[in-house]
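Residue numbers (UniProt numbering), protein chains in the order written: chain A, 1 to 204; chain B, 1 to 204.
Bear in mind the hints are in silico, worked out from the structure with no lab data behind them.
Hints should not be assumed to be uniformly reliable.
One copy or two, either will do: identical chains are not told apart, so a pair holds if it fits within one copy or between any two.
[To be verified] In the DSBU-like style, the derived pairs of lysine-lysine whose C-alpha atoms are separated by at most 35 Å in a straight line are:
# : residue 1 : residue 2
1 : Lys109    : Lys80
2 : Lys170    : Lys193
3 : Lys136    : Lys178
4 : Lys170    : Lys132
5 : Lys125    : Lys165
Protein chains: 2
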Amino acid sequence: MFPCGHQVVLYSYYRSSCSWRVRIALAMKGVEYEYVPVHLVNDGGEQVPTLLIDGLTLTQSLPAIEYIDETRPGPAILPKDPKLRAQARTLAELINSGIQPLQNLSVLKVMGDNTANWAHSVITKGFDAFEKMVQKSAGTYCVGDEVTIADLCLIPQIANANRFKVDMSKYPTIVRIKEALETLPAFVAADSKRQPDTPEDQRA
Amino acid sequence: MFPCGHQVVLYSYYRSSCSWRVRIALAMKGVEYEYVPVHLVNDGGEQVPTLLIDGLTLTQSLPAIEYIDETRPGPAILPKDPKLRAQARTLAELINSGIQPLQNLSVLKVMGDNTANWAHSVITKGFDAFEKMVQKSAGTYCVGDEVTIADLCLIPQIANANRFKVDMSKYPTIVRIKEALETLPAFVAADSKRQPDTPEDQRA
Numbered sequence: 001m002f003p004c005g006h007q008v009v010l011y012s013y014y015r016s017s018c019s020w021r022v023r024i025a026l027a028m029k030g031v032e033y034e035y036v037p038v039h040l041v042n043d044g045g046e047q048v049p050t051l052l053i054d055g056l057t058l059t060q061s062l063p064a065i066e067y068i069d070e071t072r073p074g075p076a077i078l079p080k081d082p083k084l085r086a087q088a089r090t091l092a093e094l095i096n097s098g099i100q101p102l103q104n105l106s107v108l109k110v111m112g113d114n115t116a117n118w119a120h121s122v123i124t125k126g127f128d129a130f131e132k133m134v135q136k137s138a139g140t141y142c143v144g145d146e147v148t149i150a151d152l153c154l155i156p157q158i159a160n161a162n163r164f165k166v167d168m169s170k171y172p173t174i175v176r177i178k179e180a181l182e183t184l185p186a187f188v189a190a191d192s193k194r195q196p197d198t199p200e201d202q203r204a
Numbered sequence: 001m002f003p004c005g006h007q008v009v010l011y012s013y014y015r016s017s018c019s020w021r022v023r024i025a026l027a028m029k030g031v032e033y034e035y036v037p038v039h040l041v042n043d044g045g046e047q048v049p050t051l052l053i054d055g056l057t058l059t060q061s062l063p064a065i066e067y068i069d070e071t072r073p074g075p076a077i078l079p080k081d082p083k084l085r086a087q088a089r090t091l092a093e094l095i096n097s098g099i100q101p102l103q104n105l106s107v108l109k110v111m112g113d114n115t116a117n118w119a120h121s122v123i124t125k126g127f128d129a130f131e132k133m134v135q136k137s138a139g140t141y142c143v144g145d146e147v148t149i150a151d152l153c154l155i156p157q158i159a160n161a162n163r164f165k166v167d168m169s170k171y172p173t174i175v176r177i178k179e180a181l182e183t184l185p186a187f188v189a190a191d192s193k194r195q196p197d198t199p200e201d202q203r204a
């Protein structure tokens, strides 16, 4: 279907927040790709997301998004201005290295009875910092009025926050941005409720 | 000493690996800056590193390094070629989001008696993946023969590995790159053994 060497493949799990970020980037740029489902819980999950693109094997979501942005036409995911780009990347990293690794499966497994409390506290602490920071940079979205890499990280992290029953009413700016983002076609297409491996009872 | 608005300030802790990465970037570019010591253990440490630069407050090390690279003359820290850049960023993120957050103080505190084992296992698992990946991209350094953002992350992470007695003999490529890097002036200047807040008994 694709010419040899030009096929883009994404190893993904519908609910993995890092897979989800990359799906939004691919959808924003209109990149066609083959979706290979990997069951994060049953199969170990070290392999998601993995993006095969242009002969590269990219296993980290933010570098994969930056590569897609740099090499594919379509709306910019990183702002052109270095200061705005730094703000967008800082918000993205606050989630990518400041929240997500602390509430992923490998950590939760060793927390035992304390799992839900730990995840709740990590996300709350992270979103406290995110809300404070994003109030300074937000327009319609996290940084001004264009979608950036920060927004690609925010939406899947909110799904995790909901799973661990974090009180989102404390985060008015985050909630407002979420409501603006979730109507956009790329965010609709990439949603965890609409993937090939989404279980029937979790479909939109 | 600096013209108003042009002073660069780094809130840093000598042993914090994320502060250390930013110090290497500033040294590579020859950026003069004020070093403000923050004691990671006694003061809480949520505030390091913080880089004040050009009116921005950057609290995440990789975005701070990318900003320094984009706005300051001197040797490039990100390769110009998008594929090499993606490889360098992927290696950097493997440490930044895949290892460092899992062995930082907030996690170690809740591990109790299991702290040393946990840190040892997280770093070993991360370096197993890093060694395998870097074998494909390495020249003199992590990606080819120029220093990149991956090298800035690797050196401080090796110091953490040594602290938790990880057996580095399993990682011949990492060790070879380390030996090449540690003679470079920017890496010498940024070393944890040579900072204003390095305790006397840990000085080089």
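Each hint, compared with the structure:
Proximity of Lys109 and Lys80 under a CA criterion of 35 Å is satisfied in neither setting, with 41 Å inside one chain copy and 40 Å between copies. Proximity of Lys170 to Lys193 under the C-alpha cut-off of 35 Å is restricted to the intra-copy arrangement: shortest distance 25 Å within a copy versus 42 Å between copies. Proximity of Lys136 and Lys178 under a CA criterion of 35 Å is satisfied intra-copy only: 16 Å inside one chain copy versus 40 Å between copies. Proximity of Lys170 to Lys132 under the C-alpha cut-off of 35 Å is restricted to the intra-copy arrangement: shortest distance 11 Å within a copy versus 43 Å between copies.
Taking the shortest alpha-carbon separations for Lys125 and Lys165, both the intra-copy value of 14 Å and the inter-copy value of 31 Å come in at or below 35 Å.
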